[in-house]
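So you can see what is in the structure, the chains are spelled out below.
There are 2 protein chains.
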Amino acid sequence: MTSSNVTAATQFLEVGQQRYAYRRFGDGSAQPLLFLQHFTGTLDNWDPAVTDPLARGREVILFDNAGVGRSTGSVPTTIAGMAQHAFAFLEALKLTSCDVLGFSLGGMIAQQMALDRPTIFRRMVLVATAPRGGEDIMHLEKPTLQVPLSDPNLRGYAVLSKIFFAPTESSQNSADAFIKRLMQRTHDREPVSGPAVAQAQMAAFREWEAVTGQRFAALKTMRQPTLVVNGVHDEMIPVRNSYWLGENLASAVLLTYPDAGHGSLFQFHESFTRQTTEFLASKSAAAPY
Amino acid sequence: MTSSNVTAATQFLEVGQQRYAYRRFGDGSAQPLLFLQHFTGTLDNWDPAVTDPLARGREVILFDNAGVGRSTGSVPTTIAGMAQHAFAFLEALKLTSCDVLGFSLGGMIAQQMALDRPTIFRRMVLVATAPRGGEDIMHLEKPTLQVPLSDPNLRGYAVLSKIFFAPTESSQNSADAFIKRLMQRTHDREPVSGPAVAQAQMAAFREWEAVTGQRFAALKTMRQPTLVVNGVHDEMIPVRNSYWLGENLASAVLLTYPDAGHGSLFQFHESFTRQTTEFLASKSAAAPY
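Those protein sequences? They're chains A and B, same order as listed.
1 is the number of the first residue of the first sequence in this note's numbering; add one for each residue after it.
290 is the number of the first residue of the second sequence in this note's numbering; add one for each residue after it.
Do not rely on the hints blindly, as some may be mistaken.
Below, in silico cross-link-like pairs of lysine-lysine (DSSO-like), each with a Cα-Cα straight-line distance of 30 Å or less [said to hold, decoys possible]: (1) A:K220 / B:K572; (2) A:K180 / B:K572; (3) A:K220 / A:K94; (4) A:K283 / A:K142.
Label-pair distances were calculated between CB atoms; the ranges are [what the hints assert, rightly or not]: (5) A:E135 / B:G317: 44 to 50 Å; (6) B:R478 / A:E135: 47 to 53 Å; (7) B:L443 / A:T168: 46 to 52 Å; (8) B:R345 / A:R19: 52 to 58 Å; (9) B:R512 / A:L13: 46 to 52 Å; (10) A:A250 / B:T366: 38 to 44 Å; (11) A:G73 / B:R563: 55 to 61 Å.
Hints are computed from structural coordinates only; laboratory data are not their basis.
Values in this document were obtained by computation on a predicted structure and should not be read as measured data.
All C-beta atoms in this analysis are idealised placements derived from N, C-alpha and C, irrespective of residue type, glycine included.
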């Protein structure tokens with residue numbers, strides 16, 4: 001048994017006509033922890049410095065939503081559609097309840113799932129994400145993002161360094177270390193997401209920005225203890241979206257990191273996994289830990 | 290030796306014509322922790338559920354600024370004036386560096402001290418406070434505060450329950466427990482602050498609201514690792530002031546509590562003292578812990 005995303009075998013689950021790719025590793029008596037991934041991210045985009053410490057004490061389950069990585073099907077164009085695939089996956093695994101770590105796009109899917117089925121998650125960790133009706137969600141056309149995204153000298157992981165990290169020496173050094181960790185996995189790697197994945201997920205972001213009903217009212221109905229995390233320099237989903245989560249979820253602790261952007265969990269992986277471990281270990285009905 | 294604010298003797302230190310009242314208790318090898326108190330608060334307003342756990346591992350030093358409690362002299366009408374008294378007190382104690390926990394008014398004094406003398410604090414914990422140039426700082430005339438403050442049925446500690454805690458059953462229950470803890474101390478108590486203290490401190494808040502130079506620029510020069518804490522329902526110094534601290538201090542982690550107001554550290558004393566203990570134990574030059 002391996003307990004690292006560097007070496008864990010990719011597994012496949014058939015549900016009707018649909019096949020889901022996932023990895024499941026770690027052990028311990030704590031509730032399993034489902035990881036829901038960011039825009040265009042696959043199983044290979046989960047930093048082992050985040051997954052592996054959390055896999056000591058529980059099983060972690062990394063999941064490719066439909067149309068991503070080696071999961072079949074079309075990428076849904078709404079968060080609600082992605083939530084339905086995650087439900088189907090968990091049902092096929094016979095998991096009726098788990099904890100969740102949703103990063104960026106994944107944090108939106110986690111919120112939708114908690115709304116649709118309040119018993120599905122015991123505790124939630126929402127990183128660098130936004131509530132429905134949030135603002136400035138993944139506008140890749142704005143200059144701060146368009147410049148690195150259109151730079152012909154930046155390709156692949158090098159783009160991630162620019163858009164997931166802050167433009168400081170310390171944050172960029174963390175980016176280099178992050179990318180080295182992602183590259184440690186050499187076999188059984190995922191296909192890189194193409195434009196079709198990006199386009200469908202971008203449509204989902206646009207739909208998620210729409211306010212429906214009283215703004216943020218749905219958050220008050222989500223009673224899961226929640227840990228909200230972000231870097232204060234997040235350009236992809238600015239930190240004020242995390243403030244709204246902290247202020248409006250029924251019971252959320254907010255933790256923000258300095259000198260960090262969208263990928264604060266990777267930059268401060270030691271702190272993040274320590275805080276998350278303590279948060280998940282709490283038996284309280286409230287979020288403070 | 291006692292290690293509780295319920296029983297620690299009040300001590301006095303003479304500095305020229307000035308006498309400072311303080312309490313000092315606890316032990317351990319960690320850096321001493323200076324407590325700087327809120328509007329009109331005395332040594333008796335420090336919750337033993339906050340001071341005592343932190344006194345396991347270090348000395349804690351509770352301090353009455355000039356004109357407060359049994360400290361002599363006039364209450365300064367500026368934060369800078371209060372900072373000067375705190376410096377004089379630490380010098381008389383022969384402490385050239387310590388950690389600081391500044392709550393509300395005390396958090397402003399801590400920031401001023403860090404600006405005036407960058408080596409005075411190793412690490413800072415700033416709770417329910419605001420940067421210079423912050424907004425809506427202690428406007429007791431606004432309806433949400435004026436109603437409880439002018440209610441003839443509320444006196445003394447009962448007012449604190451309303452203005453330090455959120456208007457929910459859970460938060461008000463925490464308020465009751467907080468007040469019981471404050472009342473545990475029966476001997477050697479402090480005089481309650483009168484209108485002269487309130488008036489001078491209020492003048493200091495008004496002066497602190499003024500923007501000087503580029504807004505929040507001074508925060509970027511404070512390089513101490515800092516933990517910023519607040520309740521999301523703080524009516525006295527709204528949480529957006531804490532957001533500005535987290536965004537602009539050179540290296541600050543922000544932690545916000547749900548279902549809590551100005552007194553979130555008292556409401557969630559177990560979490561707060563645990564987080565603070567872990568933060569203070571870090572040897573990193575950056576705030577994440």
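Quick rundown of the hints versus the structure:
1. Simply put, K220 of chain A and K572 of chain B have alpha-carbon atoms about 38 Å apart, too far for the 30 Å limit, and the pair is violated.
2. Taken as a hint, the K180 of chain A and K572 of chain B pair is honoured in the structure, with Cα atoms around 26 Å apart against an allowance of 30 Å.
3. Note on K220 of chain A and K94 of chain A: the hinted pairing holds, with a Cα-Cα distance of about 29 Å set against a maximum of 30 Å.
4. Only pairs whose Cα atoms come within 30 Å are accepted, and K283 of chain A paired with K142 of chain A is rejected, the gap being roughly 42 Å.
5. In this structure, E135 of chain A and G317 of chain B meet the distance hint of 44 to 50 Å, their C-beta atoms being roughly 46 Å apart.
6. The hinted range of 47 to 53 Å is satisfied by R478 of chain B and E135 of chain A, whose Cβ atoms lie roughly 50 Å apart.
7. Taken as a hint, the range 46 to 52 Å holds for the pair L443 of chain B and T168 of chain A, whose Cβ atoms sit roughly 49 Å apart.
8. Distance hint check for R345 of chain B and R19 of chain A: the Cβ-Cβ separation is about 55 Å, which falls inside the suggested range of 52 to 58 Å.
9. Range check, R512 of chain B to L13 of chain A: Cβ separation about 50 Å, and the 46 to 52 Å hint holds.
10. About 42 Å separates the C-beta atoms of A250 of chain A and T366 of chain B, a value consistent with the hinted range of 38 to 44 Å.
11. The hinted range of 55 to 61 Å is not satisfied by G73 of chain A and R563 of chain B, whose Cβ atoms lie roughly 44 Å apart.
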